[in-house]
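Visitor: Protein sequences, first through last, are from chains A and B.
Under the numbering used here, the first residue of the first sequence carries the number 8, and numbering increases by one thereafter.
Under the numbering used here, the first residue of the second sequence carries the number 8, and numbering increases by one thereafter.
Be aware that a few hints might be false.
As the list claims (entries may be wrong) - One-sided and incomplete, this derived list gives chain B residues near chain A with beta-carbon spacing under 10 Å:
hint, residue
1, SER99
2, THR412
3, GLN521
4, ASN523
5, PHE528
6, THR530
7, ALA572
8, LEU611
What the hints assert, rightly or not - So the derived label-pair ranges between C-beta atoms look like this:
hint, chain 1, residue 1, chain 2, residue 2, range
9, A, ALA102, B, THR564, 16 to 26 Å
10, B, LEU408, A, PRO105, 48 to 58 Å
11, B, GLY578, A, ASN40, 21 to 31 Å
12, A, GLN92, B, THR663, 20 to 30 Å
13, B, GLY559, A, ASN40, 54 to 64 Å
14, B, ASN606, A, ARG14, 34 to 44 Å
15, A, ALA102, B, THR403, 52 to 62 Å
16, B, PHE437, A, ASN40, 37 to 47 Å
17, B, PHE437, A, PRO105, 43 to 53 Å
18, A, ALA102, B, ARG406, 47 to 57 Å
19, B, GLU542, A, ALA102, 23 to 33 Å
No lab work stands behind these hints, which were simulated from the structure alone.
Computed from a predicted model, the values in this text were never measured in an experiment.
Here a beta-carbon is modelled for each residue, glycine too, at the ideal position from N, C-alpha and C.
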Amino acid sequence: MDIVVTREETLSVFALRGRLDAVSAPELEERLNAWFNEPAANLVFDLSGLDYISSAGLRVFLTAAKKIKSRNGKLGMSQLKPNVQEVFTISGFIALIPAFESLEAALEAVR
Amino acid sequence: MKDLFKSRPDRKNQNGVRPGRGIAFRLSLWILLSATVIFTLVFGYYYFLTRQIMIRKIGQHAVDVAQGTAARLDVVLAAAQKIPQNVSVLISNPAYADHQKLVDLMTSVLKNNADVYGMAIAFEPYSRDRRKRLYSPYAYRKADGIADTLITYDYFSWDWYRLPALRSRALWVEPYFDEGAGNIIMSTYSVPVYRDVSGRNTFSGVVTVDISLEWLRRIVAEIQLNGRGYAFLVSQSGMFVTHPDQGLIMNQTIFDLAQEAGDPALRRVGLRMTTGESGMEELKGFRNGEPCWLAFAPLSTTGWSLGLVLPRDELMTDVSRHYHLTLLFGTVGMILLFGVVLWVARGMTRPLRVLTAATQTMAAGNLEVPIPAVRRQDEIGRLAASFAAMRQSLQTYIRELTRTTAAKERIESELRIAHDIQMGMLPRIFPPFPDRADMDIYALLQPAREVGGDLYDFFFMDENHLCFIVGDVSGKGVPAALLMAVTKILVKSKALRGVSPSEILRGVNDDLAQDNPSMMFVTMFLGILDVRTGETVYANAGHPSPCVIRSGAGIETLPFTGGMALGVVEGFSYRTQTVKLQKNDALFLYSDGVTEASNDRNELFESMGLNTVVGDLKTGDPKALIDGMLSRIEAFAGDEPQADDITMLGIRYYGTER
């Protein structure tokens with residue numbers, strides 16, 4: 008699992024590649040916690056490279072969504088692969104984190 | 008040194024090192040080899056050098072001896088030469104015209120000169136007495152005194168008479184056997200005598216002295232040479248004059264010997280001797296095959312040459328003994344050196360052997376064995392210290408390991424118990440309702456670890472309503488298991504109040520979401536089957552939709568309801584929906600552990616087409632369906648370890664009349 012973080016003043020993009028499962032979820036959680044220690048409020052997950060997400064991965068997304076909501080930030084994600092989209096859809100979490108077709112659209116919505 | 012060999016028989020067993028392969032032995036061996044090489048080189052150089060010096064000295068000495076001896080012989084021979092020279096002057100006196108006077112003169116000369124064997128005065132034919140052609144009185148030694156005679160043979164053709172006349176000077180003639188006069192082998196010095204005849208100096212005869220070769224031989228034999236060395240004389244022609252081997256005398260020349268032996272060195276010696284040189288040559292053999300040196304010096308009187316034969320081995324005896332002693336000392340020294348080095352090296356490596364023994368004991372598992380104290384500051388001392396430290400670390404490590412193993416075992420045991428408890432919470436007796444013929448239900452939960460986050464449950468809410476759930480807690484392990492237990496109890500407590508699926512889920516969701524800082528969530532499908540009609544109401548909280556297996560038709564997936572997983576958003580409203588089961592229709596519920604079971608190529612089981620697989624198994628009862636599914640999943644995953652809990656639940660509805 009690769010995590011590439013791009014920071015701007017008020018907005019950061021987490022580009023995830025590979026599998027987000029019980030093994031890699033703690034790493035993402037750690038990176039997110041580090042990010043939450045900084046003032047930036049808005050976050051976009053670029054999921055164009057994410058092949059798989061497990062329930063442990065979903066939990067990390069939910070945690071992030073909750074924290075961002077508590078600090079009045081905005082969260083979005085973009086370019087979900089069909090199976091990832093399906094997981095979000097089935098679990099209902101697609102209602103909690105807005106998904107966009109493109110990264111630009113996500114950035115636009117979150118900024 | 009004694010204990011060095013004492014333990015040999017069991018040493019192999021003790022250290023595992025074969026005798027002769029140890030460090031000490033190899034060190035000693037290499038030092039010994041090196042020292043031997045050095046010693047041999049030094050000794051060889053020393054031997055070569057001293058041998059050269061010895062040969063030079065011996066050669067010089069031998070030449071000195073030869074020249075000295077030759078000079079001594081010359082003195083005697085020169086004295087003998089004077090006699091005929093004097094006599095030749097005397098006899099010109101008319102007083103010696105008388106025969107008897109002449110003989111008396113000769114006799115007295117012999118008496119006064121013990122070195123001379125005989126003496127002759129020979130005259131030209133008829134020159135002394137007109138009646139006598141031969142006139143030559145001869146005096147010589149006999150055993151009982153001095154005798155005199157007249158030479159009766161025709162002496163004019165003999166060298167001792169002819170050569171002085173021919174060459175008009177005194178000379179030594181080659182040795183010869185004087186038959187008829189002296190009757191011995193002799194050498195003769197002959198002086199020509201001239202008288203004045205009508206104003207002309209005319210040859211009138213010779214005066215000779217004879218030297219017995221026997222006498223010469225004795226003189227030469229008296230030359231003291233060590234051991235088997237000897238001296239010999241050769242004449243100007245190379246003929247042996249004296250030699251210890253009588254057979255050579257007057258019989259062979261030195262050139263004959265050189266020819267016989269095919270020895271050019273000997274021939275060179277012969278040439279140098281007969282041309283009056285002095286010197287020394289090394290010969291491979293002379294007469295016998297024994298290597299020798301031949302020193303030689305000329306006799307200035309006769310022109311002969313004196314040779315000294317010195318056997319090489321004999322001359323080198325002292326040197327050889329010296330060398331042998333040196334070699335002996337060297338060898339003994341080497342053996343001593345070997346012993347000392349072996350002793351020292353074994354002393355140095357003794358701690359190593361003790362350490363080896365201790366290590367072997369340690370390797371066998373006894374870490375309590377004491378590491379012998381080595382009070383040395385060198386590498387071995389450090390090694391011993393490292394060993395002690397290593398044993399300490401090993402002990403600590405093993406203690407630690409024992410402790411963590413015990414802790415791990417305790418945890419594992421607790422997990423096993425937790426597993427049993429968790430499984431005990433699930434209805435696991437099948438068939439659960441043996442007296443019911445209107446439906447059949449079967450379920451299976453196979454955790455990926457000891458405890459898991461999946462759950463299933465089923466129970467009758469009343470006589471006719473069967474509530475059944477399949478759920479999946481996010482994550483795995485103990486946290487998931489705890490939440491699973493809580494969820495199951497919540498569901499049951501809410502369901503037994505007899506409300507609709509959406510209300511049950513809503514109640515559970517609110518309870519879970521109230522305080523959920525770690526955002527754990529539960530996906531769940533909950534259905535309620537009215538066994539009288541086959542009508543099933545259900546709600547879904549983020550769980551994969553079950554399959555409906557229509558008897559005599561296809562497989563369909565229940566429509567998606569969009570319900571949120573439990574525990575995330577408080578107050579979320581779920582929707583209840585309805586599906587009607589006909590007789591022999593079945594429902595297949597599962598968790599994502601089924602669809603996401605993966606093989607070693609990272610392919611997911613759902614890629615096989617879940618409905619297709621289920622369709623293959625649709626004719627059997629629920630147990631056959633679920634066992635079939637499990638065996639297909641296992642066949643698909645192969646050796647790939649199970650990543651997620653696998654839960655399946657099947658219900659077949661038979662209706663009230665079968």
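Visitor: Could you work out which earlier hints the structure fails to respect and list their numbers in ascending sequence?
Guide: Hints 1, 2, 3 and 12 are the ones this structure does not satisfy, whereas the remaining hints hold.
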